[in-house]
Amino acid sequence: MDQQFDASKMGMWIFLVTEVLLFSGMFVAYTVYRVWHPETFDLLSGALDWRLGGFNTLVLLGSSFTVAMSIHSIQKSDKKATVMYLVITLICAAAFMVVKYIEYTTKFEHGVFPGAHFAPHGEHYAPFDVPYAPQFFSIYFVMTGIHGVHVLVGMGVIAWIAIRTAKGHFDSQYYTPIELTGLYWHLVDIIWIFLFPLLYLI
Amino acid sequence: MDHASHGHHITPKSLLIKVFGSLILLTILTVAVSRVHLGALNVPVAIAIAVVKMMLVVTVFMAVKWDNKVNALVIGLSALFVSIFLIFTLFDTAYRGDLSNVDRVPISDQQRQQSAEMAPADAGAAASEMPASGH
Chain A
1 MDQQFDASKM GMWIFLVTEV LLFSGMFVAY TVYRVWHPET FDLLSGALDW
51 RLGGFNTLVL LGSSFTVAMS IHSIQKSDKK ATVMYLVITL ICAAAFMVVK
101 YIEYTTKFEH GVFPGAHFAP HGEHYAPFDV PYAPQFFSIY FVMTGIHGVH
151 VLVGMGVIAW IAIRTAKGHF DSQYYTPIEL TGLYWHLVDI IWIFLFPLLY
201 LI
Chain B
1001 MDHASHGHHI TPKSLLIKVF GSLILLTILT VAVSRVHLGA LNVPVAIAIA
1051 VVKMMLVVTV FMAVKWDNKV NALVIGLSAL FVSIFLIFTL FDTAYRGDLS
1101 NVDRVPISDQ QRQQSAEMAP ADAGAAASEM PASGH
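One line per chain: the protein sequences are A and B, in this order.
Be aware that the first sequence starts at 1, since it is given in the numbering used here, and climbs by one per residue.
Be aware that the second sequence starts at 1001, since it is given in the numbering used here, and climbs by one per residue.
Among the hints, erroneous ones may be present.
Computed list of lysine-lysine pairs in DSS-like fashion (alpha-carbon distance at most 30 Å, straight line) [unchecked claim]: (1) B:K1013 <-> A:K167; (2) A:K167 <-> A:K79; (3) A:K9 <-> B:K1069; (4) B:K1069 <-> B:K1018; (5) A:K9 <-> B:K1018; (6) A:K9 <-> A:K80; (7) A:K76 <-> B:K1069; (8) B:K1018 <-> A:K79; (9) A:K100 <-> B:K1069; (10) B:K1065 <-> A:K76; (11) B:K1065 <-> A:K9; (12) A:K167 <-> A:K107; (13) B:K1013 <-> B:K1065; (14) A:K9 <-> A:K76; (15) B:K1013 <-> B:K1069; (16) A:K80 <-> A:K167; (17) B:K1013 <-> A:K80; (18) A:K107 <-> A:K9; (19) B:K1013 <-> A:K76; (20) A:K9 <-> A:K79; (21) A:K79 <-> B:K1065; (22) B:K1065 <-> B:K1018; (23) A:K79 <-> B:K1013; (24) A:K100 <-> B:K1018; (25) A:K9 <-> B:K1013; (26) A:K80 <-> B:K1065; (27) A:K80 <-> B:K1018.
In case anyone wonders, no lab produced these hints; they're calculated from the structure.
Please build the complete structure, drawing on both the sequences and the hints.
Structural data, given as C-alpha cells:
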C-alpha cells in the first residue's frame, strides 16, 4: 500500500513538473518582453487593479490552506471536516473566478483585447495605449487565462473528491486522491503567487 | 496499521495556520513594497518575496519537508531546468546582434537610448500619468 502511495505521489509530482514546463514557457515570454520593454511593463502594471489581484491572491492562499486542512482532517478520518474544508475551497475558487470574470469583461468593454484587436478607450485605459501595450495584454490574457482554466479544472476535481469523501470512499488508511488533488491545487496557487506581483505590481 | 506504521506525517493544524498567516503577511508586504519606488530593485524584491511564499507552500502545504526525498529531487531539478530555460533564452534575446557589435554598449541599450531621445515629450507624459492613474 505504501509503495503504491509513494509511486502515485511521485507520478503526480512528475505531472506537476510538466505543468511547470507549460507555465515556464509563458514566464520566459514575459521576461523576454519585459527585458526588451521595461518602461511599458512598468507603466502597464498600473492598468490592472492591484486590489482585485490582491483579493484573488488572498482567496487562493485561503483555498490552499483549506485544502491542506482537508488532508489533515482525512488523515484523522474526520470525513465531515474534510468535506467542509473541500467545500470552502470550492467557494474560494468560485470567488476567484468571479473576480477574474469582472476583470476580463471590464477590459473587453474598454477595448482591451489581446493581440490585433487592442484598442483601449475610456478614462482609465486610454492612457495605456502605448507602444508594446498589446504585447503586455496578450501575455496578461494568455497567462491568467491558462491559469484560470487550471482553476476551473481544479474546481471540477475538488467537487468530485468532495462527493467521494461524503460517500465514505476515503479514510486515514486510503486518501491518495485527496492528497494528489491537494498537490495540484497548491501548484495552481504557486503560479498565481508569481503572476500577481509580476503583472499587477511591478 | 496505525498512523505511525503507515508512515504518513500529519502536519499539525497550528503549523498550517502559522504558514497561512505568513503567506498573508508576505502578500501585504509585496503590495506595500511595490508602492515604494526602489528603482531597479522593485523587480528582484517582488520575485524574492514570491519565492519565499512558494517555498512555504511547497515545504509545508505540499508537505515536501516530510515526504520521500526523491520528490524533493524532482522539484529541485524542475527548478534548475526552469532557470536554465530562462537564463539561456536571455543570453540570446537580451544581447541580440551584439556578436558583431563593436560598441561597448549592448544594442538593446542603444535602441532604448535612441527611442528615449526621439520621443522625450511622449515618455515624460507617460511617466507623469502613472501616479495619476490611481493605481
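Right, here's what the structure says about each hint:
no., hint, in the structure
1, B:K1013 <-> A:K167, "holds (25 Å)"
2, A:K167 <-> A:K79, "holds (9 Å)"
3, A:K9 <-> B:K1069, "holds (12 Å)"
4, B:K1069 <-> B:K1018, "holds (24 Å)"
5, A:K9 <-> B:K1018, "holds (25 Å)"
6, A:K9 <-> A:K80, "holds (24 Å)"
7, A:K76 <-> B:K1069, "holds (24 Å)"
8, B:K1018 <-> A:K79, "holds (24 Å)"
9, A:K100 <-> B:K1069, "violated (37 Å)"
10, B:K1065 <-> A:K76, "holds (20 Å)"
11, B:K1065 <-> A:K9, "holds (14 Å)"
12, A:K167 <-> A:K107, "violated (42 Å)"
13, B:K1013 <-> B:K1065, "holds (16 Å)"
14, A:K9 <-> A:K76, "holds (20 Å)"
15, B:K1013 <-> B:K1069, "holds (23 Å)"
16, A:K80 <-> A:K167, "holds (11 Å)"
17, B:K1013 <-> A:K80, "holds (16 Å)"
18, A:K107 <-> A:K9, "violated (40 Å)"
19, B:K1013 <-> A:K76, "holds (12 Å)"
20, A:K9 <-> A:K79, "holds (21 Å)"
21, A:K79 <-> B:K1065, "holds (25 Å)"
22, B:K1065 <-> B:K1018, "holds (16 Å)"
23, A:K79 <-> B:K1013, "holds (16 Å)"
24, A:K100 <-> B:K1018, "holds (28 Å)"
25, A:K9 <-> B:K1013, "holds (22 Å)"
26, A:K80 <-> B:K1065, "holds (27 Å)"
27, A:K80 <-> B:K1018, "holds (23 Å)"
Checked against the numbered hints above, the structure breaks hints 9, 12, 18 and satisfies the rest.
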